[in-house]
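Visitor: Read top to bottom, the protein sequences are chains A and B. Mind the numbering: the first sequence is residues 28 to 440 in the working numbering, read in order. Mind the numbering: the second sequence is residues 28 to 440 in the working numbering, read in order.
Keep in mind the hints are simulated off the structure, nothing from the lab. No false leads were mixed into what you were given.
One copy or two, it doesn't matter: identical chains are merged, so the pair holds either way.
With a Cα cut of at most 30 Å, we get these calculated DSBU-like pairs of lysine-lysine: (1) Lys34 x Lys225; (2) Lys117 x Lys157; (3) Lys332 x Lys157.
Number of protein chains: 2
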Amino acid sequence: MKIEEIKGLQCYQCNCLFPIDPFPYTCPQCGKNLDYIYDYEMIKSSWTKTGLEQNPDLSMWRYHPLLPVSQVPDNTSLRVGGTPLVNLPKIANQHGLSTFQIKDDTRNPSGSLKDRASEVGIQHALELGKDTIVGASTGNAGSSLAALAAHHGFTSVIFAPANAPPAKLAQIRQHGAKLIAIDSNYDRAFDLAIEWTKLNNHYSRNTGYNPILAEGKKTVAFEIAEQNNWQVPDHIFIPVGDGCIISGVYKGFFDLLALDWIDHMPRLHPVQAHGSAAIVNSLSREGAIESVQAQTLADSISVDKPRDGEKARRAILASGGVGFKVSDDEILSAQQALSGSTGLFAEPAAAAAYAGFLQASEKIFFNADDKVTVLITGTGLKDIPAAQKNLGSLEIIPAEISEIENYLSRDNK
Amino acid sequence: MKIEEIKGLQCYQCNCLFPIDPFPYTCPQCGKNLDYIYDYEMIKSSWTKTGLEQNPDLSMWRYHPLLPVSQVPDNTSLRVGGTPLVNLPKIANQHGLSTFQIKDDTRNPSGSLKDRASEVGIQHALELGKDTIVGASTGNAGSSLAALAAHHGFTSVIFAPANAPPAKLAQIRQHGAKLIAIDSNYDRAFDLAIEWTKLNNHYSRNTGYNPILAEGKKTVAFEIAEQNNWQVPDHIFIPVGDGCIISGVYKGFFDLLALDWIDHMPRLHPVQAHGSAAIVNSLSREGAIESVQAQTLADSISVDKPRDGEKARRAILASGGVGFKVSDDEILSAQQALSGSTGLFAEPAAAAAYAGFLQASEKIFFNADDKVTVLITGTGLKDIPAAQKNLGSLEIIPAEISEIENYLSRDNK
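Could you build the full structure based on these sequences and the hints that come with them?
Guide: This is the structure:
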């Protein structure tokens, strides 16, 4: 986007508008989170659906006119975004829906939706003249930053709880990032990462702190709209931890409404684990969002204090979303049901969104012929031990046909 | 493709041509492997580059006129194929090449190139009226078959060595496949799978046995050509186990040459692990390919007896390919170098191809301005323990800024 198309950064709390230079991260007045504000009339005058259709770039950069950085990276061939929207008519039929779709964001370079945020953050860091990017992560954001920083030639420093899933920590180190695995939780990692960024004048990729990350994440909404020929779904189920993804999705549809490219805002339904439900809990009461002592096996949505909680709550309420809470058992069972019927392997946090959908369907939440999309945000390959919990121990079979016959006939295997 | 465009199945050994109905799998005369033979003139008369360019389907099914099944599946939205071709100009510069590219086939639904074979095999099974598909696998083919069978509503039975990487076995079970984890090796799994298929009149997805699988795999060559605007690379480095992928890639470029869509066959260089190099060993001597006692950590290319060895050898020699053998240490080091400089996380077998490229470059194998592509066939997330071998143990840091300062300054971390 052209820089003059950015009106500024607005605080969700005090509503003040600030210039983007010098880049403030949070509200200089009250410290709360900021949101990019655009001049949509100016954007409209130079960008059309036809222009978009003719863009051969399949990555998220095809939506550059709605991304608040000056340039498209030199090389977008790694293809962040441009993930499949999988139509699953059997599931639609089972639940009396006209359409059921999974947006499969496991197909990003590092296996999660977080790549959309890292990609725009890295371009922003480049434009601000930074060469080192610091982030806190329960795993996916960190492995995403590590991978994309390596790709674009940046140094990355990742703060993570040492008890994050080993695959995610290995992935971070594999990409040559400097991993700070602390003997504490995500919330402490978050604060330390910001302190370290400020001390060293680096760039921060902390979710729920740097407003540009939601701008990257919103591209998933653009894709859901474009892949549906701009006839957007009625409902979208979204796994929620910090709240940044659901705020991002909201912002994406908000942009498209402002451009008159779509005719309504889908209802955005947050799904949280029972043990980590600060945002969903807050929907039914007034006042500030209360922290919890997060406890769930779905590590990517295990958050005590949701750093984008207020923006998320507004997005949910403004879109007519309803909160769902699911147990770890529901998550694992939804994970397996999804893999067994669709071929998609979601990590627990992502499978939570499908669990929320199943719960909604049981409660007869939908109208006949509703159109539903579930957002799958990260791959199950990053957390094999979680999947193994449901699978039981592996039975080893002697390599003889008769033994195999016995095995398969037993328990109707 | 229209069935009349298929001339038949030809034995690579005795050259006899057989009809496709009833489907023979292997040569009814001598038992060797078969190859699909097409009437390219007939294909040419109904399919053009312009027709292809206008096809909005990004999956491998955009090349249906070159795939030997009657129909495109009802639903291709899961998107098998259509993976990114990643341009890496820095690596090209370092090695004095005009272009260096990675074909990132980790971005398939189940995380490996094998999805291309499973996808066409499943459609073929459907057209033959089968509902159960049986395959042998060291991991990737099995997890691919399990995932895509689940997606398309088929039953899958997978024979695998019980010591395959746990993530791959978990992935197979996660998708509801019937996993036969045997107390033996891949070669025994291979034979048992065929026996079981015949006993039960099921469909076989055994690589190096069913000739349609190479037809699926060849779509990666179509994509490399189309994504390069039909100016194909000079060299392609390909990890080789059974030999089916390299035969498939050869077949893909062979098809395009027959259609006059490209002007030369790229040199296809097989890369094998030192401990599992039956095909590369065979390149320098006459006579049948000799089995080995395979030993390498790169499980996907750990093969005693390469089931598509002869077809692979012919493909390599016909394309002017040169064999490379790499040690497990070279593989792990190439895996880490690739992740650290490109953001791509390849499994060891896939990283072997990059190790082969590095070895070739050291030997001053290339001409200035050569164009090189390396095929990355499976994701590193499926074998975290292998990556961890290079990473050393994780250091846990006390959650204080001073401790982090110490940690990062130490050893120039």
